[in-house]
Amino acid sequence: MITVTNRQYDIVCQLSFDLADGLFAYNDYFEQDLDTGIGTYQFTVDKIGDLEIEKINVGCYLIVKDGSKMRSFEVMRVEEDKDSKTIYAEDAGLDLLGEQVPPYKADKSYPITHYIAEFTFDSGWDIGINEIPETTTRKLEWEGTDTATKRLRQLVKRFDAEIAYDFEFVHGKIHRKLIHIYKKIGEDKKVRLEVGNEVSNVKRTISIENLATTIVATGADGITLSGVEYNEGNIRSPKNSIYLVDYDAVARWKRAGYAPGGGGIVKRYESEAKTPQALMTEAVIKLKQWNHPEVTYDVSISLLPEEVNIGDTVVVVDNSFEPSLVVEGRISSIKKSLATKESGEIKITNIVSREDTISEKVRRLSTLVQERLFDFTSVPFVMTIESTDGVVFQNSNIATKLIANVSKMDIQMNSRFTYRWKRVSKYGTDDT
1 MITVTNRQYD IVCQLSFDLA DGLFAYNDYF EQDLDTGIGT YQFTVDKIGD LEIEKINVGC
61 YLIVKDGSKM RSFEVMRVEE DKDSKTIYAE DAGLDLLGEQ VPPYKADKSY PITHYIAEFT
121 FDSGWDIGIN EIPETTTRKL EWEGTDTATK RLRQLVKRFD AEIAYDFEFV HGKIHRKLIH
181 IYKKIGEDKK VRLEVGNEVS NVKRTISIEN LATTIVATGA DGITLSGVEY NEGNIRSPKN
241 SIYLVDYDAV ARWKRAGYAP GGGGIVKRYE SEAKTPQALM TEAVIKLKQW NHPEVTYDVS
301 ISLLPEEVNI GDTVVVVDNS FEPSLVVEGR ISSIKKSLAT KESGEIKITN IVSREDTISE
361 KVRRLSTLVQ ERLFDFTSVP FVMTIESTDG VVFQNSNIAT KLIANVSKMD IQMNSRFTYR
421 WKRVSKYGTD DT
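Note that the working numbering has the sequence shown beginning at 1, numbered continuously upward.
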């Protein structure tokens, strides 16, 4: 059910997701991404002669249940024709999406709460959860004019944090609008999503648009990497150099015609680190993020488990690949129906496992082998032959298909073997 309120949070009408009497909402989708933290919601309602539909206008608030959580949105746009209205709403709302904040330069280092108060003044939004301690401070500057939401998005990135917008309800009404600041949104749930069950399709995207092989980092008061040396395998920086270089990545991605170590892809990184050592630590982390192609997976959902949310870690399995494709990563964006939970899409980033030749059963067995609880290699293979049409044949009047299966402890091992078939006839007409 969707509850619609006016700007004083008084209920003006309600819509249902079934075909009962009254206004019927369909084609509803909730979307949210980690980058902005903003959640959007849209749905369509037909004009059926019910005057209640005229009460749904821009500026109204929507209250919708998402599993055990109540979500609220402000209607930002309404599109209508002679047959229907389509409603577009966002949780950040007009007070932040429409508010323009001027250029700003801090006179000293401040905690994140100082900047949030500065950029949300008189907006009606309060700070809710804040996981960034007051001892973590930054001296920041913005030269241009931005919307409040864009400025907040830039702010949390500079504190290596993530943002979310939420509402506090009292007696079914909106009581407070909250800005939550997290070190990292979501949980490491590793919920299994399998193609053919919860998932209908998986699309992989590989991109080098953000790739870098070399970093030039700058910290507070103009400090650089030149005051410290770093040497870890292929990632190195001489003591008097401002460059941090991944030499293996340079060799792979450098421009043609350059000597070893030259022709790399240079990216600049700005930090508030106060010492060269702290700056180097941050630069190494960033270079390890940027020194390889980004891999993302767009996962089409047929049934999203209720416990899966933005930022959570999930495992996506596609058994149509041989061996099975096993992708473990973090949900960076989510699109789903709040009405049915039966359609949608999630994007998986921060991939920690890609095509994997080991199924979950084999992984568990491998762990036991490593712990020496038993010797897996001593377990014999089991071979079976299946026939699609029995085992009795008469000349060429009966046809069948024979399928060989090899397994070990119920784990299919067919791909490890090649097969040679031989037909033995008592009439001496053997063939292979």
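Since the hints were derived computationally from the structure, they do not count as laboratory data.
C-beta: ideal position from N, C-alpha, C; glycine also.
Heads up, some of the hints might be wrong.
[Unchecked claim] Quick list of the computed label-pair ranges, beta carbon to beta carbon: (1) Thr-275 - Glu-80: 56 to 62 Å; (2) Gly-67 - Gln-14: 32 to 38 Å; (3) Arg-268 - Tyr-9: 42 to 48 Å; (4) Asn-350 - Tyr-29: 23 to 29 Å; (5) Glu-80 - Tyr-9: 22 to 28 Å; (6) Tyr-29 - Gly-49: 25 to 31 Å; (7) Gly-49 - Tyr-9: 40 to 46 Å; (8) Lys-288 - Thr-400: 53 to 59 Å; (9) Asn-210 - Gly-263: 15 to 21 Å; (10) Thr-275 - Ile-351: 28 to 34 Å; (11) Lys-288 - Pro-238: 27 to 33 Å; (12) Thr-275 - Asp-298: 37 to 43 Å; (13) Asp-298 - Lys-82: 54 to 60 Å; (14) Pro-238 - Arg-268: 34 to 40 Å.
[Said to hold, decoys possible] The list that follows gives simulated cross-link-like pairs (lysine to any residue, SDA-like), each with its CA atoms no further than 20 Å apart: (15) Lys-267 - Lys-288; (16) Lys-150 - Thr-113; (17) Lys-288 - Asn-231; (18) Lys-157 - Asn-231; (19) Lys-286 - Thr-113; (20) Lys-150 - Leu-97; (21) Lys-150 - Leu-178.
To see whether the hints hold, each was checked on the structure:
1. The given range of 56 to 62 Å is respected by Thr-275 and Glu-80, whose C-beta atoms sit roughly 59 Å from each other.
2. Under the hint 32 to 38 Å, the C-beta atoms of Gly-67 and Gln-14, about 19 Å apart, miss the expected range.
3. Separation of Arg-268 from Tyr-9 is about 47 Å and conforms to the stated range, judged on CB atoms against 42 to 48 Å.
4. Under the hint 23 to 29 Å, the C-beta atoms of Asn-350 and Tyr-29, about 24 Å apart, fit the expected range.
5. Remark: the range hint 22 to 28 Å for Glu-80 to Tyr-9 is upheld by a beta-carbon distance near 24 Å.
6. A C-beta distance of roughly 26 Å is found between Tyr-29 and Gly-49, which places it inside the suggested range of 25 to 31 Å.
7. Between Gly-49 and Tyr-9 the Cβ separation comes to about 28 Å, which falls outside the hinted range of 40 to 46 Å.
8. The hinted range of 53 to 59 Å is satisfied by Lys-288 and Thr-400, whose Cβ atoms lie roughly 56 Å apart.
9. The hinted range of 15 to 21 Å is satisfied by Asn-210 and Gly-263, whose Cβ atoms lie roughly 18 Å apart.
10. Look at Thr-275 against Ile-351: about 32 Å separates their beta carbons, and that is inside 28 to 34 Å.
11. Restraint check, Lys-288 to Pro-238: a C-beta distance of roughly 19 Å breaks the suggested window 27 to 33 Å.
12. As the Cβ distance of Thr-275 to Asp-298 is approximately 41 Å, the hint placing it in 37 to 43 Å holds.
13. In this structure, Asp-298 and Lys-82 break the distance hint of 54 to 60 Å, their C-beta atoms being roughly 35 Å apart.
14. Between Pro-238 and Arg-268 the C-beta distance comes to about 19 Å, which lies outside the given range of 34 to 40 Å.
15. A C-alpha spacing of about 13 Å is found between Lys-267 and Lys-288, which places the hinted pair at or below 20 Å, so the restraint holds.
16. About 16 Å separates the Cα atoms of Lys-150 and Thr-113, which keeps this hinted pair within 20 Å; it holds.
17. With a C-alpha separation of about 14 Å, the suggested pair Lys-288 and Asn-231 falls inside the 20 Å cut-off, and the hint holds.
18. At most 20 Å may separate the alpha-carbon atoms for a hinted pair to count; Lys-157 and Asn-231 exceed this at roughly 28 Å.
19. With a CA separation close to 25 Å, the supplied pair Lys-286 and Thr-113 exceeds the 20 Å bound.
20. For the hint linking Lys-150 to Leu-97, the alpha-carbon distance of about 8 Å falls within 20 Å, and the restraint holds.
21. Note on Lys-150 and Leu-178: the hinted pairing holds, with a Cα-Cα distance of about 17 Å set against a maximum of 20 Å.
Going down the numbered hints, you'll see the structure goes against 2, 7, 11, 13, 14, 18 and 19, while the others check out.
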